[in-house]
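Chemist: Chain residues, written in single-letter form:
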Amino acid sequence: MSAPISNTIVNLPDQSTATIPKRNYINNEHGLLSWLLTGDHKRIAMLYLISITFFFFIGGAFAGLIRLELLTPQPDLVSSDTYNKFFTMHGIIMIFLFLVPSVPATLGNFFIPIMIGAKDLAFPKINLLSWYLYMIGGTLTLTALVLGGVDTGWTFTTPLSTHYLNTHVITAATAIFIAGFSSIFTGLNFIVTIHRMRAPGMTWFRMPLFCWSNYAASVLMVLGTPVLAIALVLVALERLVGIGVFDPTKGGDPLLFQHLFWFYSHPAVYIMILPGMGVISEVISTFSRKRVFGYTAVAFSSVAIALFGFFVWAHHMFIMGVSNYSALVFSLLTMLVAVPSAIKIFNWAFTLQKGSITFETPMLYAFGFMGLFTIGGLTGVFLGSLGMDIHLTETYFIVAHFHFVMVGGMLMAFLAGIHFWWPKMTGRMYPESLSKLAAVITFIGFNLTFLPQFILGYLGMPRRYHAYPPEFQVLNVLSTAGATVLGVGYMLPLLYLGWSLKYGAIAGNNPWQATGLEWQIQSPPLTENFVTIPIVDYEAYDYEWLEKKQREEVTTVG
Amino acid sequence: MDNTIATTHAEAGHEEHEHIVLPQHRHHFETEEQQREAGSFGMWLFLLTEIMFFGGLFFAYLLYRNWYYPAFAVASNQLNVPEGAVNTAILITSGFFMALGVWAAEVRKKNVLVLMLVLTTLFGVAFLGVKADEYHEKYEKHHIPGPNFSTAMFTNPAAYGIQEQPLAPDMAQHTEIFFFLYFAMTGMHAVHMIIGIGILFWLTWRAHRGEFSAGYVAPIENFGLYWHFVDIVWLFLFPLLYLINRHLPK
Amino acid sequence: MGISPVLWQFLVKWLHNSALFPAEASTIAPYTDALYFFLIAMTVVGMFLVVVLVFVFSLKYRREKSPVATQVEGSTLLEATWTIIPLAIFLVTFVWGALLYFRIYDPPANAMNIYVVGKQWMWKAEHPGGQHEINALHVPAGRPVQLTMISQDVFHSFSIPDFRVKREVIPGRYTTVWFQATTPGSYHIFCTQYCGTQHSMMIGEVTVLTPEDYDKWTKQSTSGMSLAQNGERLFASMGCNACHSGTAAARGPSLAGVYGSRLTLANGGQVLVNDAYLRDAILNPSQHVTAGFAPIMPTYQGQISEDGLIDLVEFIKNMQSNYRVQQTQMTGETDQAAPTTPGEGTTETVKP
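Chains as they are written, first to last, in the working numbering: chain E, 1 to 558; chain Z, 1001 to 1250; chain B, 2001 to 2352.
Keep in mind that the hints are not guaranteed to be accurate.
[What the hints assert, rightly or not] Once the Cα atoms are required to be at most 30 Å apart in a straight line, the calculated DSSO-like pairs of lysine-lysine come out as:
id, chain 1, residue 1, chain 2, residue 2
1, E, Lys436, B, Lys2060
2, Z, Lys1110, E, Lys250
3, E, Lys125, E, Lys22
[Claimed, not checked] Some chain Z residues flagged as far from chain E (calculated, every beta-carbon gap over 10 Å):
id, residue
4, Tyr1069
5, Glu1083
6, Val1107
7, Val1118
8, Leu1122
9, Lys1131
10, His1174
Quick caveat, the hints were computed from the structure, so don't treat them as lab data.
Where is the CB? At the ideal position from N, CA and C, for every residue including glycine.
All chains, please: the whole structure from these sequences, using the hints.
Modeler: Right under this line is the structure:
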């Protein structure tokens, strides 16, 4: 580069001569069956990407309908039963069919083998099975929808779901049961792969933090999801046979369901966020040209979150009649689980110090993540505090809290990862200015949608309400307006990423000049990832090693 | 994924040791050892998820046994201990045959392996047969939860010749929860056995074709793990459901 | 609280009038709000810190200004700082929240009791004096009020945001919450646990009256019979007085004065006789047999509604002597055997 230092690190090959590499995983085999029967983790990742995008927009459509109804205080758009189906389907689709598989099944599937220097995951056939289970679960969910929908809420609270509703509860429960096994097998695959298939020299502490985060999330998937499975089986059996396991008139205990359900569903939120945090580590490191501050602390924080995450489930049940003592214990543990997340935020912030920072789109999403996840996470502390939770629980404060961490946090991290690794997965760059615009629109739309909901929550507006007192209208209108903006922000990537597949700039191996094994191979990668398995003798995020390599590298022709 | 040997190993001079490449070698593994270890680890992890799965039911059982002790005690008296004990012996024996099968595969004795797999399957089917008989007995006594469930034997045991104290109607109602958990837990266990037997048929056929007597033993070993796990679950179910506290204190 | 009461009042009133903040209409509300403002302050400071760090570092170390990054390994001191300080703040939050929780859920001894039954999709409030309200609750200002609640069907949750109280209302057992209203006025009642089709219509109004107005209201709105009187009627009509007659040879224990006492059960355990115990003993008698008595009481599960149970509980709560029990018994059939199945042997099995 000449005298003025550019404000971007993007380093593309000469576009007049650059082409997509002749042989890559996309054109290696042709035909639909070669995709549907593939064992290649990269192809499976792309299958997942297409399917979760599809389900995301269906879930998003329900969100739009919810916000549309809530423009006015009266229940005037649809009937109450229909509205109840809206938020139920929105929750089920977004959580089980989008957030849980989002980063692990797409970016994790694609990059974990490459990041550790392996040719594939440990069990490629089981990986494909995971995708089919996901598709079956998704199809069953759509079936439940088409047959008339479910209105239990995504939480399937008993005895409402077992005795008081005649919608397609069993179909939906079965769908989630099957999708749960998809999740279990993905987690199982990741754990075995990371334990057993690291390249020579790739020790645990040389792995990218993305691998650590996915590993921690996989442990949660493997240990937690089966408990959800059994809880759903019991609900289905209760509906079919009516034995009274959750029915107080027969001596059963509806609170038992709550314990079984939340034992999974709390770790589930960490399953959702941990891979996103892994993405943020990669992005912040790359765009500051620095090793993540306190690598070991961040790695152990992921594990700590996974561990502590198993012991806080009853904080979803503080006012339900659990004993005072258990409420105390769970509140204390909730405070403890908040600490590793705080550690990560500060570690990321200090990664920026003394770095060399540029502001490409992934970095913008990462900054958005840091701000919004901080708010979301701290509002979680509000809810973990017993007396405060009494007033705030079951209101829009909760809705705002989890949307801040899941949408402002996780979804932003997912988009950061998609943009960051798009050149590697497709060989093409996305259009930078348009993507920056989309990121800003998303950020603005998100805040406009969900900040008013904190206020609504403190005012007392309950969640899952079809109609509300008129004095809450102004805040609801603001929220709906924000949702419209947010929708635009999410449509844009769909459009320009699709466009970039044909018209985007050729990316070359390492457009971001990043460390990490995935950036040392061609874009898109070969089916077998590596021609020879690398021997790793350098640390993660070793920018000095990268610089040395770039100096000594002979620029290839063509 | 096909079974052919793929030549993606490192070329010039990075091989430290001669590694045997079996026909079933998957190309994404560097060595046979890595493939075997990964498979075994994967199976152990899967069994861990199964523990969590059954764990929910065990938790529900422990909870309700604690709450409705008299009902559970009297109801468990209705379970057929001799049949349960025979089943335990059958299952342990089938596990023994499975272990012998693993050994046979490792020492490459094809006929012994096939015989052992067949015996394992036979004993597994016998277990299911005894279970079916037990379930049938429950059906006849109206102890299957649902519309046909009857607490008559518990509120009025003398009329059925049962030496037991009668339960009050509200406590007798809770025997239905015991039987539900009995069917759920043994039923879930039986489902796992049926799946296992299905896999056994497939493995027996493959063993007969010689696939496991030439050094490739991973499927037999890993299935052995699964079968032993199913065995162990029964070893917990049997005492918890059949053996403990079968009578009310006098 | 460290903030002058005048400033506090001003802040809260201003926020409330901008429709951004609920009214502080109970004695506990200021405590909740204090914790809330602390947490908001914590969030603002935390956000500020993170935003400032990111902003300042981004500006100072942007590529144009800092073309080469300096690899920094880490700093144990910094790590310790941002581990310990957040942990300390979160632990303070835990203690404060726990104290507030016990304040909200531990009623004072002199609280007056009102029963609330939630069902799809309405709230029924039953005052001991016999006043019944639907989706409404009249309470006096300045007196602690305890709500004893139960659901007839699914999970509901009773919430009065302006009082900062909320409690789940579940089937199968009583849950309680208490408050002391400070300012006369009308405030929202919401059901906050999704309970089916008309969940958002399960709302009501709590009307706080001055003590004089409340007295007037109680006199005007009674249905004639107090809950306890209704309970007495049920006690006779359901045949309870046949065994619980209070005579020496009675088959069941005397219930006079049993409420609030410590009872020894047949299995040796000791139990405090409260609302929950009484309700449970009526529905699951075989698990609540008093020492010295045979387990012959039939269950009334399915025979009696939650309202009926509340009436009976109120009756037993206030029963100081067996005089009236024996009086009502004499007007019925006195030689009837204790029924072994519910309903058998009584003259009427009218569900109230």
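Chemist: Tell me the numbers of any earlier hints that the structure contravenes, in ascending order.
Modeler: 2 and 10
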